[in-house]
Each structure stands twice: as C-alpha cells, then as structure tokens.
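Trainee: Each chain, letter by letter, is given below.
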Amino acid sequence: MSITYLEAIREAQSVALRDDPRVYLYGQDIGPFGGAFKATKDLAALYPGRVLDSPISEDAMVGSAVGAAMEGMRPVVEMQFADFSSVGFNQIVNQAATLYWRTGVPCPITIRLPAGGNPGAGPFHSQMLEGIYSHFPGLIVMTPATVEDAYSMLLEAIALDDPVIYCEHKYLYNRLKADALSTSNLPTGQARVARPGRDVTVVAYSAMVHEALAAAEEMAREGVELEVVDLRAVKPLDFDTVLASVARTGRMICVAESWPWGGTNAEVIARVASEGFTLLDAPPVRINSFDTPIPYHPKLWAAHRPSSKAICVEARKLMEW
Amino acid sequence: MSITYLEAIREAQSVALRDDPRVYLYGQDIGPFGGAFKATKDLAALYPGRVLDSPISEDAMVGSAVGAAMEGMRPVVEMQFADFSSVGFNQIVNQAATLYWRTGVPCPITIRLPAGGNPGAGPFHSQMLEGIYSHFPGLIVMTPATVEDAYSMLLEAIALDDPVIYCEHKYLYNRLKADALSTSNLPTGQARVARPGRDVTVVAYSAMVHEALAAAEEMAREGVELEVVDLRAVKPLDFDTVLASVARTGRMICVAESWPWGGTNAEVIARVASEGFTLLDAPPVRINSFDTPIPYHPKLWAAHRPSSKAICVEARKLMEW
Amino acid sequence: MLNTLTEPTREVMPAGLKDQYIGAFKWMVQARTVEEKLSSLWRAGKVAGGVYVGKGHEAISVAMGVMLKPGDVFGPLIRDQAGRMAFGEPLIDGVRTYLGSKLGPMRGREGNVHRGRIREGTFPMISHLGSLIAVVAGALLARRMRGEQHVVGATSIGDGGTSTGAFHEALNMAAVERLPLVVVVTNNRYAYSTPNQRQFACRDLVDRAIGYGMEGYGVDGTDLKECLEVVGRAVARARRGHGPQLVVASCLRLSGHAEHDDASYVDPTLSTSHVGRDCIKVAEQYLIDQGWADRATILRWREHAKGEVEEAVVKVQHEPAPDPAEEEWRSYATERFATVVL
Amino acid sequence: MLNTLTEPTREVMPAGLKDQYIGAFKWMVQARTVEEKLSSLWRAGKVAGGVYVGKGHEAISVAMGVMLKPGDVFGPLIRDQAGRMAFGEPLIDGVRTYLGSKLGPMRGREGNVHRGRIREGTFPMISHLGSLIAVVAGALLARRMRGEQHVVGATSIGDGGTSTGAFHEALNMAAVERLPLVVVVTNNRYAYSTPNQRQFACRDLVDRAIGYGMEGYGVDGTDLKECLEVVGRAVARARRGHGPQLVVASCLRLSGHAEHDDASYVDPTLSTSHVGRDCIKVAEQYLIDQGWADRATILRWREHAKGEVEEAVVKVQHEPAPDPAEEEWRSYATERFATVVL
Ligand SMILES: Cc1ncc(C[n+]2csc(CCOP(=O)(O)OP(=O)(O)O)c2C)c(N)n1
Ligand SMILES: Cc1ncc(C[n+]2csc(CCOP(=O)(O)OP(=O)(O)O)c2C)c(N)n1
Ligand SMILES: [Mg+2]
Ligand SMILES: [Mg+2]
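Residue numbers (the numbering used here), protein chains in the order written: chain A, 1 to 321; chain B, 1 to 321; chain C, 1 to 342; chain D, 1 to 342.
To be clear, the hints were calculated from the coordinates, so they are not data collected in a lab. Any given hint could be a false lead.
What the hints assert, rightly or not - Derived lysine-lysine pairs resembling DSS-like cross-links, with alpha carbons at most 27 Å apart:
#, chain 1, residue 1, chain 2, residue 2
1, C, LYS46, B, LYS299
2, B, LYS38, C, LYS306
3, C, LYS306, C, LYS26
4, B, LYS299, C, LYS37
5, D, LYS46, A, LYS299
6, D, LYS69, A, LYS299
7, D, LYS18, D, LYS315
8, D, LYS69, D, LYS225
9, D, LYS315, A, LYS299
10, C, LYS102, B, LYS309
11, C, LYS26, C, LYS37
12, A, LYS309, D, LYS102
13, B, LYS309, B, LYS177
14, B, LYS317, B, LYS177
15, A, LYS299, D, LYS102
16, D, LYS46, A, LYS38
17, D, LYS315, D, LYS102
18, B, LYS299, C, LYS315
19, B, LYS299, C, LYS102
Model, not experiment: these values are computed from the prediction.
Isolated chain A, as found in the complex:
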C-alpha cells in the first residue's frame, strides 16, 4: 500500500471523525464535493452531518469554530487556501488564540491551511503564513514535511486543547508518498534529524526539508555532510535538537519558503545566536523566498523560492569560511 501526503491528511480527518464524536469539519466545498484538493473526499457521506460546506465567510467559519469549541466540540476548519485565512485573521489571532488565557476555557480548534507555492499558483494561492501566526501567543503552528507527520500531527492537532494552525504544503500533496502511516510518532514540540551529517546543520520545515535533503545528497558527492533538521512545528520550536546539531557541526543554514523579514528563519538564528553563542564557527545563513509577492510564472516562481541549488551554494561558501 502506498499513501500520499494528501491522503494522509484525509485519513487523519477520517480517523478523528470516527474516534471522536466531538470532531466535525467545516469549510468551503468540503462536503459532498470533498474539497478543492479532495482532502475530505467521501467524508461527508461517511459521517453525515459532520462535514459541512460553509459559505465564503472565513471570519464566521473561524468564529463559529471557536464558539463550538467553547461547547466542547473539536472543529477542524479548512481554508481553501492558506492565503484566504487573511480574512479570517481576526478570529484566529484575537478570538481563538486568546480564549484560554482570557477565560481558562480551552479552544481546541484546528485550522488547516493549504500553504506554499506551486508553479502557476500566483501571489494569492501560494503563501506561507506560519511566521505570521507564530507571532501570536496562544497558537500552535505545525508545518509537517512528511506523509507520516502529515498524518500523526493532524491527529495530534485535533487532540490538543489549543488552537492549531496546521500548515499543509500543497507542493507535497501528491508528490510525497509513503508505504504506511506511522501509528506512533514524535509529538509536536520535538524536531527531527531528517538526515545526520557532520559539517553543516540545515534547519528547515515543510517543503523545504526536501530541498535540504536534495542538497545534502548533492553535497555528499562533494564530501560535505549536511545534517538536516526538520522542525516539524515552528511554534513551539524544539530548540534542543537545533542546538545539539549546531554543537556538532558549528555551521548553520536556515531555509524557509516564507518571506525574509522576520519569520522562522530569523527566530531560529536569533535563538542560536543567543543561546548557542559559542557554538557557531561561521555566520549563520538564511535562505528565504525573495521579498516580493510570489510570482505566477513557473520560471519566476522557481527563482523566487529557495532551492537545493541555493542551499548547496551557501553550504560550499560556509565550508570555505
């Protein structure tokens, strides 16, 4: 049996619906149609009355999920694209994120953000917003890079008592396959060494993990070992794993598909600089998309987005530093 990243997301929602009567799904076209990406295929039929088509009302989608969560439900909201969460933004960062702190009542909602770029997707169907949501207290932000994590982390997101921004990368939907779904897996808050290596730590998450692995493959041929750390979740960040790796390698490249100002790369580098001041033998390197909207044309898009090639270039520079 082989299962894709996208199927894993569907499977996790199916299992959650099966095992927990408090779970329901809400989003545009997720009912009989099965969702724009088919992440809820057949679920409306399997779980009648629990997979609901919403109007095009992101604010009310999230707001209503918070109200349902107050009543003990565990809503899973699908944004058709991560980019459209910008119109549900207020309910996410002010209503959902603050609820537990204000009232002591948990807000166990999961908001699925189909995120990240694909050729031809353009500036409003490609965004990576994990750095935006992580800035707000009260939100957990997951960025699974593997089929196994897509599955186990979504189940965990639904089980957690806090609001989770679950960033699923559209580029991985059908490109990633696994033989089976891990029933047990690392919990959120623990990063993973995706590939061990002696020379340079490459910190990545979501689709960039695979660019990092490709770069590691290429650099290996040149005798340079990259250690790839998959953050898995960007808030909370597992810092011990990053520091331990940098302690071994003394060099760090942070790769993120999001825009350069602030965000996860800045957060990771700032913390390494502060908490691991003596660990780095060379300047930390940051690789992001360019500071422009995400271009439509595949050629522009490919240049705008960090690539394994760019990682290799920086890795070589680091080795010569």
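Please arrange chains B, C and D with the ligands on chain A, whose structure you already have, making use of the hints.
Mentor: For chains B, C and D with the ligands alone, kept in the frame of chain A given last:
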C-alpha cells in the same frame, strides 16, 4: 511653544492637507469629533470634505483607500486602534502591499495605527503589530519614538509612493513634548543614535527607546555606557547604524514591546549574527513582552512589558559575561 | 418578514407579565445604579481604562436576559449590564472586572465589559465589534450537533457594529444553518460620535433581515413592555425552529460613548424626541399607571439596589489585585506547552 | 426599491439597440471563443495554473462592458472575459496573461483572470473575493473629490462572493457615500461546488439591496436584451446621481469552476431549466427572429472571432517568457527602497 507627540501627528496631517490636494483622511470618528485621540482635531472644519467619518468597516476603509490611491490620491486611514487593523488585514497585506509589484502603479496610502500599551487598555487596545506588517513585501513600517519623528515621518509617509504602516505609540501621545517641530529630519531608512555609549548597544524603537534611555541614565551612574539606537522604522531596517554601533560596543540588547516569537528583535539579532558575526563579544540579548495577550490590570501590564529595569538587569549581566 | 414595530403581538406574553415586568425593572435599576457607581469611581481615578454604561439601553438589554432561559447562550456587548444580570451574571462580576480584582471572572487579565462565564452561558466579548456573533452561532451549531433541543442564543450589537464584515458573515451563516440565534441590534443613533447617516443608508436596519432570510422586528427601545414582547417573541420563535431572528431596537445613548466623552455631538432634537426618553423613567411611569407599584415602593427598590452596589464595591475594594509574581503567564491549555515561552 | 425582474424598462434603451445588441453579441462570441481556446491549451498542458471561463455569464458580463463609457471604472472578476473586451481590454491581454508572456499587462507576475490596466480603468482583481468592490468604490470617491462628474464604476461578484464581509462593508460604504457604483451579482447557482442553499437563505439576493438603501434589480442573465436594458438602466441611474445600484443576474455556470472541474455536482434539472439556457444560443435566436442577422452572417462572425483568437495565440506563443535574471524583484515604488530587500 511646546508640542506633544499627539499634536505633532495632528500637525503633520494638517500640513499635508494644506500642501497637497491629493491628501484626504478617512477613519472612524475623525471628522467633526476629531478622532478618538483627537489626532484630527478641527481638521474637518479646516479642510471641508477631506476628513471623512467612516463606518466601522476596516476592510472597506483600506480597500477604498487603495482604489483612491490608484486614482492618484494620497489617503491617510486612521485605525481607531492598531488592534482593529486585524479586520482590515487582507486589504493591507494583499491589496495595498502587492499593488505596485503587480501593476507598476504605486499605492501611496498611509495607515495610522495607534499602537502599544497603556495601563488598563487590555489585550485588544494595546497591540504592537509592526512585526506582522513588516513580514509582507511592499509595506513600509514606521515606528517613531520622538515628537520630531512623529511629525516628519508622518509627512514622509504621506509623501512616499508606497503604502506605509505608521505605528504611533499611544503611551507617548501626551507624555512626550518637544519645543518645536524639526522642519528637516532624517529620512526613513536611517536609524539614529539616540544616545552614544561605549559599552552596550541597545536597539529599540517606538516607546521602548525611552525605556532604553532611562536604562542608559541609570547604568551611567554605575559607570556603564549604553548606546541607544532608535531604529525609527523597522522596515526597511537601517542596518549600517546598528552594525556600526555593535562594532564599537561588541554587545547588543534588543528591546521591543511586541511579542517574542519573530518580530523586529529576531530580525535584528539574526542580521547581526549573519552580517556582523565577528562583532559580538557576548551573546545578543532579546527583551520582549511576555508571550501572552496584553493584560488589562496595570500591575500585570507593567510586568508584561519590557522596562528600563529589565534592560539594566541584562546590561549588567552582559558586562559580566 | 414580520415587522412588529407598529403592533407588537402578545403571543409570548405570559400571564405573569406583571411579575416579569417588575423583575425586569429591578434589573434595570440595578444596572443603572452599578454603572453610575462605576462612573463615579472612574472619575475618582479608581478604575483603569474606560467605563462604558448602558444608560438608555436597559430596557432592550434586560429583555434579552429575561427572555433567555438557563442553558441558553448569551453574548452581551458593551451596554448590556442589565441583560447580563437578568441572565444570571452576579452583580459583583462587573465590579470585580472593572476594579481588576483577582477574584473576578477575568482575574484582572481583562477589564470592564470584556467579561463572561462561558460555562454559565455568558460569552465574553473581545473588542472587535461583530466578532462575537459567529461565536454564539457556533455554540448553537455545537448544541444542535450534540442533539440538544430548544436552546436559544442571543447576542447584542450596535448600529455601528452592523457595518462590520463579521456581522454580515455571521448573520448569513446563521440563516443558512437555520440556527436559533436572536441578534439584537440596538440603534442608539450613534457609534461613538458617528451618526446613523454616516453609518448606513437604509431606511431602517430591520430592512437587513430580508436580505438574510431572517425574521425581523423593530421595537421601541424606550418601552420595556414592547421590548419584553418583541424580544420574547423572537426568542420563542427561534426556540420553535423558525431560524435566526433580527430585532432592531430604537433608542438613544443617554451617556457619552465612555465616561471621558461628554457626547456634545449628540443632536439635541434627538434628546428631546421620543427616542431620547429614558426607558427607566418610562417604565416607572408604566408601573405606576398600572398600579403595579407606587413611588414609595420604587424608591425602596432603588435604595435596595444602591445598598447592594455599595456592598459589592466595598467588598471588591478589599480584594487582592493580581500579583505579577504569582501570575502564570500561560497562553496554552496544553500542559506540556504551559512553560514553553516560544 | 426598484425591482425590474418582471418588466424591464426601456428607459435607457437607445434607438441604436440593434447595433448595440449586435456589438455585444460579437464580444460574447469572441469571449467564448478565446476561453474555449485557452481551455484546450490548458488540457494540452500549455497553461500554468487554472483556466476560469465565463460560459453562461457572457450576456450579463458584456452588458457591463457595453454600458460603461471610456473614463469609467470597471472591476471585472473571474468570469468577465466578455465584459472586459467590451470595455476595451485587448483580446491579447487575456492570452498573454494566461500564457505568462512577459509582454502582457502583468508581465508574468500574475496570471489568468488576475489582470487589468488601471490607467485604462480596468482594475486587476486579487483572489480574495469581495475585496475589489471597496477598491472600485474608493476610485469613485477619488473621482468625486477631484470634481469629476458622471463617472460610473461597475464591478462583478458571484453568489458565493456575497457571503464575504468585504462585500457587505463595501456596499454599505458605497451607499453611505452615495457613490455611482454598480455592483453586478451573477448568481450562477454555485460557488465552486456549493449550491445557493448552502450559501444564503434569502429568497433572492436582490433582497439585499433594501438593507443597504441601494436600488436593486433582478435580471435574467440568459437574455442579452434584458441584461443590456437592466444594466444600462442601473449604470444610467448611477451616473445621474441615484447612488449605488445592485443588479442580480440569474444564470447557470455552464462550465466547471475551472477546467479541472467536471461540475458533476450540478443539479441536472437546473441545466435543463430556464437558467440553464446558453445566453449565446438565446441571443443568436433573437438575432435571427429580429431579422438582424442570419445564420450565415453569425457563422462569419464566429469564424472571424476564431481567426483573431488563433492569431493572438500564435503571436503570444512566440513571445518571451519573463526571465528571472532580468526580473527586478522589486516590491517598492520608492526609488531608494528599490534595492532594499529588508
Ligand atoms: C472592528 C472594530 N473597529 C473599531 C472599534 C472601536 N469602537 C469601539 S466601540 C465603537 C462604536 C460602536 O458603536 P455602536 O456599534 O453603535 O455601539 P454603541 O457604542 O453605540 O452601543 C467603536 C468604533 C471596535 N471596537 N471594533
Ligand atoms: C475570501 C475567499 N475565500 C475563498 C476563495 C476561493 N474561491 C475562489 S472562487 C470560489 C467560488 C466563487 O463562487 P462565486 O462567488 O459564486 O463565483 P463563481 O465562481 O460562481 O462565478 C472560491 C470559494 C476566494 N477566492 N476568496
Ligand atoms: Mg450605537
Ligand atoms: Mg457562483
């Protein structure tokens, strides 16, 4: 003559309305009433038909400003509180910020965000969102800390051909006074050494500049010299001034009132670590508000927010490192 | 669309109208009394932040609290002190929240009107106008999914709040889901300083109802009896499965937006017109005309309310403020993230 | 509220109805032709991203383009190929944007329907539904402030788009400012896969007009003549200072949401009902019935359209793609920030 930070903001708008027929103001209660904070006092009477009360519709307020800017106007939108920009968020980050890149037509709008905490203001009337807006390509984010900057930077914001998020700190409104308004001033994109010092660079902006200056005053009594760098604008960041200062002191503390994950502090530290790797003799220090919503009670608020005391504590540690 | 503006129906008026009316009136007096006290405390510098009173809103607000039952959901807004207490919020909750007592429902983390007790069905508002409506709608969706029958949710919004996208999305969603939601718009003629003509261009906000496929009612917000009848009817119809209901109450804000605001912008002709009537005075006259109470009795009620308020304030003033050192500074319910700052 | 659903008025129908009708028809054919071509290019893997066609929307869309004048503002949405061209967008703009030509108005930065020429009055949409309406409103506000008289702005939205907060805020603001804005809601029964009954609960979306204090019209979107009359009337009334106008056109999306979508969810009874009519076939029959054109003539028009489309496509296929190395990667208009990355 003495003028407050708030009066400087009013004055700048008055001058802009007087000198440029393309300028108009739009926001809730800014007309005859003069605004929740009186930042537009008397302007509706002075400039009939150009200072308009808006409905409580932040999305449409910003969206309409973009449309007017396309037609060559220079709208200034007042959010009643920065926190409410969360419901105008999409028009800011997706409509306004991307316009020039998409079309080559500039988007000269200014969005005034009365930002930052005051005792008793609570979680939704106190937010600092400069780190959120800076993440998005196309936005300029200003964070004036002085009466002079409040004035000259607002005039500059209105004159610039790009959308500007102008973060004015409510705590400074009536607490800061100056004798006169500088007619000439540093342009945005240049930071300012607010106080020179030999030992530790303290990077700050907005209200935190004054906590830093107070800390510098106190540390001076202990024979430790803090050099206070006022960033003035957080996007674009003037990095040369920061690096030059760190090159002198070898130690850095970054202070920001915003939440700790990401944001300006992380950005500054990440860049110093990358571009000034050899300059630091001690780990860079980050001081932010706590990672919770901003509390209502003045006692909690005072503890939640970075203070000169906290800066002194960190400065002493750094001197012993 | 039903519009009972002209002839309120008696449909849901119980035999016990008198008791209901008197009970509601007492809450109105209690609300006015505690808010006057909080205002004076604010003027004395004893309240951090603002004080937002419901002067002129008491009749429409209390009608919500009176018509909802225990087990229902209530999403009060800025000017719902009367409705809150009628629905069950203890008087002391408001006092504690305004004075920042650690023992209050918000523990000093939130202040003034940003309070509630979710488990008791009173949802705490965030400041962003309109955003609470979808939350109440979601709670009703959850109740339905859990198979709970005949639950109603009511929530308040102002004339200004109707201009928010959140208001629109939530009403439309509630209508699509046919939720038992009662949305009460209190048109007090101003949003802070902004008059109706700068806020909307329709003849009457009740004309929004048809566009959502909701039942809509206009009501004279200065007349407690009509408020009880119309809100009572809307709540009853929601409970009986007729879907969301829109009630638009007409009144005037008889205070500044908050205590700092002298409201000098209010059109004086409004103040002297029908909408400018003080709903408490109107109700008092009605009680007397009906022979349900005499001035002496009403005075006793007032004195009683004063006494309770004074008692609450004195009690709260001796309660501890939150201590930053003891504060857990915790944003996450998940135990293992409790101490994680980043 | 005006509702001309039943009896469209002739008020603004010029003597030259015949020429106007024929001109509009040709644009409809042109639009259908180019979109069919783009769809086949997409199936052949020659278009990155999606292809969104206006099949079934041509009549209502073209009516906007025909009724607006040069100097007016147009905010087309997903399915407005016909209206775009009628308002003046060159055929090649769409082809270039879909094929990512560097020479297109969006220079390969944006694709498909996200295109426009602001200086010519056609505003490019971002993807977020509803967000363009306020932009068009703002442009009209600016024109008024600059003292320009009799300018009209028209913009499109779908049945699904009416559920956005942005739609509500923009219509309300336009009504408060009494802007000459014509909002055309094309109710094609589905928002992607979502049917009307999961999108709204009112009888007819035109019932939203009264809640904004706008004039509202229903129109049969399958009947070009009625579309021209009703949109013409709305545009004329907006131009004459009667404030914003809401036109709700009734039709069926005769395609998938995008080319990848087989639209198998569409209720077959709708397809065979009146709204399922193909507005181009209906118009063709009308031309023949009126004796304004015979089949041969119409065929010639089709062939002409095909020729122009083929020509444009061939031309564009030989045009350069954007070169990442030459791309300026610039987000800021301000010269001194042009190179500042952070
Ligand atoms: C989205 C949003 N924008 C702005 C504000 C600031 N604000 C608080 S109350 C208020 C006026 C509200 O007027 P209305 O809705 O009529 O209620 P009223 O105060 O009259 O009872 C405004 C503009 C807010 N709370 N939320
Ligand atoms: C705010 C927002 N949410 C979701 C989407 C994704 N989306 C794109 S088109 C579409 C359906 C639009 O339906 P409708 O408005 O009826 O227009 P139609 O396609 O039928 O012409 C959706 C949900 C979006 N573009 N914007
Ligand atoms: Mg009001
Ligand atoms: Mg549709």
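Trainee: Does each hint fit the structure? Answer for all of them.
Mentor: For each hint, the structure was consulted:
no.: 1; hint: LYS46/C <-> LYS299/B; result: holds (14 Å)
no.: 2; hint: LYS38/B <-> LYS306/C; result: violated (36 Å)
no.: 3; hint: LYS306/C <-> LYS26/C; result: holds (11 Å)
no.: 4; hint: LYS299/B <-> LYS37/C; result: holds (23 Å)
no.: 5; hint: LYS46/D <-> LYS299/A; result: holds (14 Å)
no.: 6; hint: LYS69/D <-> LYS299/A; result: violated (38 Å)
no.: 7; hint: LYS18/D <-> LYS315/D; result: violated (33 Å)
no.: 8; hint: LYS69/D <-> LYS225/D; result: holds (19 Å)
no.: 9; hint: LYS315/D <-> LYS299/A; result: holds (20 Å)
no.: 10; hint: LYS102/C <-> LYS309/B; result: holds (25 Å)
no.: 11; hint: LYS26/C <-> LYS37/C; result: holds (16 Å)
no.: 12; hint: LYS309/A <-> LYS102/D; result: holds (25 Å)
no.: 13; hint: LYS309/B <-> LYS177/B; result: holds (23 Å)
no.: 14; hint: LYS317/B <-> LYS177/B; result: violated (33 Å)
no.: 15; hint: LYS299/A <-> LYS102/D; result: holds (11 Å)
no.: 16; hint: LYS46/D <-> LYS38/A; result: holds (24 Å)
no.: 17; hint: LYS315/D <-> LYS102/D; result: holds (13 Å)
no.: 18; hint: LYS299/B <-> LYS315/C; result: holds (20 Å)
no.: 19; hint: LYS299/B <-> LYS102/C; result: holds (11 Å)
In this structure, the earlier hints numbered 2, 6, 7, 14 are contradicted, and the remaining ones agree with it.
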